[in-house]
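Going line by line, the protein sequences match chains A and B.
Quick note: the first sequence, position 77, residue 77 per my numbering, numbers continuous.
Quick note: the second sequence, position 116, residue 116 per my numbering, numbers continuous.
To be clear, the hints were calculated from the coordinates, so they are not data collected in a lab.
Do not rely on the hints blindly, as some may be mistaken.
What the hints assert, rightly or not - Covered stretches of chain A (in silico footprint by chain B; criterion: 3 or more residues with CB under 8 Å from a CB of chain B, positions within the stretch not fixed):
1. 29 to 42
2. 56 to 68
3. 167 to 173
4. 209 to 221
5. 239 to 250
6. 300 to 308
Just so you know, these numbers come straight off a predicted model, no measurement behind them.
No residue lacks a Cβ here, since even glycine has one placed at the ideal position from N, Cα and C.
Protein chains: 2
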Amino acid sequence: MNTMKKLVFGIDIGGTNTAFGLVDAKGEIFGESAISTKSYMKYDDYPRYIEDLAKAMKTLIDSVGFNFELVGIGIGAPNANYYQGTIEIPSNMWKYSDEQIAAGMREEDRNFNFAEDLGKHFLNVPIYITNDANAATIGEMVYGGAKGMKDFIMITLGTGVGSGFVANGEMIYGHDGFAGEFGHVIVERGGRECGCGRKGCLEAYASATGIKRTAFELMATMSDPSPLREYTYDQLESAILYQYAVKGDPIAKECFRVTGQKLGYALADIVTVTSPEAIFIFGGLAKAGDLIMNPIKWYMEENMLITFKNKVKVLPSELQNKNAAILGASALVWQAK
Amino acid sequence: MNTMKKLVFGIDIGGTNTAFGLVDAKGEIFGESAISTKSYMKYDDYPRYIEDLAKAMKTLIDSVGFNFELVGIGIGAPNANYYQGTIEIPSNMWKYSDEQIAAGMREEDRNFNFAEDLGKHFLNVPIYITNDANAATIGEMVYGGAKGMKDFIMITLGTGVGSGFVANGEMIYGHDGFAGEFGHVIVERGGRECGCGRKGCLEAYASATGIKRTAFELMATMSDPSPLREYTYDQLESAILYQYAVKGDPIAKECFRVTGQKLGYALADIVTVTSPEAIFIFGGLAKAGDLIMNPIKWYMEENMLITFKNKVKVLPSELQNKNAAILGASALVWQAK
Chain A
1 MNTMKKLVFG
11 IDIGGTNTAF
21 GLVDAKGEIF
31 GESAISTKSY
41 MKYDDYPRYI
51 EDLAKAMKTL
61 IDSVGFNFEL
71 VGIGIGAPNA
81 NYYQGTIEIP
91 SNMWKYSDEQ
101 IAAGMREEDR
111 NFNFAEDLGK
121 HFLNVPIYIT
131 NDANAATIGE
141 MVYGGAKGMK
151 DFIMITLGTG
161 VGSGFVANGE
171 MIYGHDGFAG
181 EFGHVIVERG
191 GRECGCGRKG
201 CLEAYASATG
211 IKRTAFELMA
221 TMSDPSPLRE
231 YTYDQLESAI
241 LYQYAVKGDP
251 IAKECFRVTG
261 QKLGYALADI
271 VTVTSPEAIF
281 IFGGLAKAGD
291 LIMNPIKWYM
301 EENMLITFKN
311 KVKVLPSELQ
321 NKNAAILGAS
331 ALVWQAK
Chain B
1 MNTMKKLVFG
11 IDIGGTNTAF
21 GLVDAKGEIF
31 GESAISTKSY
41 MKYDDYPRYI
51 EDLAKAMKTL
61 IDSVGFNFEL
71 VGIGIGAPNA
81 NYYQGTIEIP
91 SNMWKYSDEQ
101 IAAGMREEDR
111 NFNFAEDLGK
121 HFLNVPIYIT
131 NDANAATIGE
141 MVYGGAKGMK
151 DFIMITLGTG
161 VGSGFVANGE
171 MIYGHDGFAG
181 EFGHVIVERG
191 GRECGCGRKG
201 CLEAYASATG
211 IKRTAFELMA
221 TMSDPSPLRE
231 YTYDQLESAI
241 LYQYAVKGDP
251 IAKECFRVTG
261 QKLGYALADI
271 VTVTSPEAIF
281 IFGGLAKAGD
291 LIMNPIKWYM
301 EENMLITFKN
311 KVKVLPSELQ
321 NKNAAILGAS
331 ALVWQAK
């Protein structure tokens, strides 16, 4: 009988850093490390990025101090396709140079066989990859508050609004592997411009940038004096809004109400379709606690179809104060087993 | 080896009639019959309804003319709960009398153990029950255009707007068994009153009644002369709108454009979440063909997140001209096997 400890790699690829750790089935992390993502921003940097990442991972393996079996590698990354094992057209990584574009390289061809390329350094170790929100969702299911739940929704409120949907105990990847773009449902037709090129997406209201946009809109519509009026658009951050809201600033407080309202309305709609047991809220904005959770719940229930009224729990993620990105990525492996 | 032919019952319970048939695994129907639902409208009629239905089913069994094995019973009914085998608070069937209400019977206690009660007449035959839209969805998957698809959406446009969602090859029933109420996503906040007590639901625009409401709105906003202006609200039906639209009546044509627009917008939103391979359109309004399909497709694509643009097929149901309700109900059994 093989009693060697089993560990998996959880890798979180962000635009700035790539963090990774060795994790056991209970979510305990046995060593962490990171390399820069930003130093490999060019398209031609990609092969060197893979090599340096593999090298750093092997260094971490050596540093753990005991023998273990590496049973898999789970990766959370923007624009990752679970079915293909690829990262497709990532917006902040491995970009073409102006020369390459002039030479006719096409943006839509930036398709990286990530799982395959990293796999060359870890023969016979299964590799799973998905986007960060899906990884967080599976993290919640394997280590967090969704343990044992068959139908739930995870909403990640960060720079953008991400989401993951679980139905019948399985992640919904959809036909093409890109399901769960809840940040891009339209909450205000013809509303704010969104990074996706359309108008009125939830993300333009309920992300960290979205709530800042709300603050500027409210400084125009409300007359209350407020210390927020001393900030330029570039200076203001959602964390600052939180601080002033706690102190009772009426504009800052209203920002959280409006954000919760948009989220609550959008959630009421999606509950009618997927009928989850619970909705978990995760990410920077979720740290505002009741300030954001209360209006989300209130507007969701106010707008809920009677069939689902007072049935669906809205809960803070239990991974909120843990290393959720690495845990989520590692959970991909345990979930697949 | 048991080579006896295997058949299942498909039962479609509507507010007016209960139709049923014996169906094989390929969707061929070996005999059909029906009893009235309307004659058993009172709460106290329910036990007699079950008995008379069972009797009529046994008569059909005897009339088939060959021996077969009855391997299951599948039922499509309004407000049916797949998990519980129940019909819960149906709006048009088995209602309390005024006396019962005066005596303190509570509406929310009208919960019928349908599968169990019918099962007493068919010992050891598994019984499955779900709402009509879910039954149609499974029918499409087992016998129709969704054969082999793992991720698709079925939209039924009838008196109401129903839907069924399939992800990872499985029906999404949700935590409480009532998922798929796509007719009640809000498409116009504060818009038309809906039967559910809220405002602006898709169903208030895209059902048979919804398109009629649109016609009356358009008769007010447009000045074109039109034969529609000779109809009272109670006289007008969606089939009449179709006839005039085909003849080129500008108001009738505009009705279909507006209906397709609401549907297209709502579908674009839900595609971002579930990323289906295809969307099937079924029901009375779908018979209008291109008149309704073209605007649905156009507005869905116009509003689609780039990730999903031109990827999702919008198709008419392949059960459209068949006995879809009985087939759908029967498919529940084959799907569960």
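How the hints compare with the structure:
1. With 0 residues having a beta carbon nearer than 8 Å to a beta carbon of chain B, the segment 29 to 42 of chain A misses the requirement of three or more and the stated coverage is violated.
2. With a threshold of 8 Å between beta carbons, the proposed coverage of the segment 56 to 68 of chain A by chain B is violated, since 0 of its residues qualify and at least three are required.
3. Remark: the segment 167 to 173 of chain A is confirmed as covered by chain B, as 5 of its residues place a Cβ nearer than 8 Å to a Cβ of that chain, reaching the required three.
4. Judged by the Cβ-Cβ criterion of 8 Å, the segment 209 to 221 of chain A is not covered by chain B as claimed, because only 0 of its residues qualify and three are needed.
5. Coverage of the segment 239 to 250 of chain A by chain B is violated. Counting CB-CB distances below 8 Å, 0 residues qualify, and the rule asks for three or more.
6. Check result for the segment 300 to 308 of chain A against chain B: holds, 5 residues qualifying (beta carbon to beta carbon below 8 Å, three or more required).
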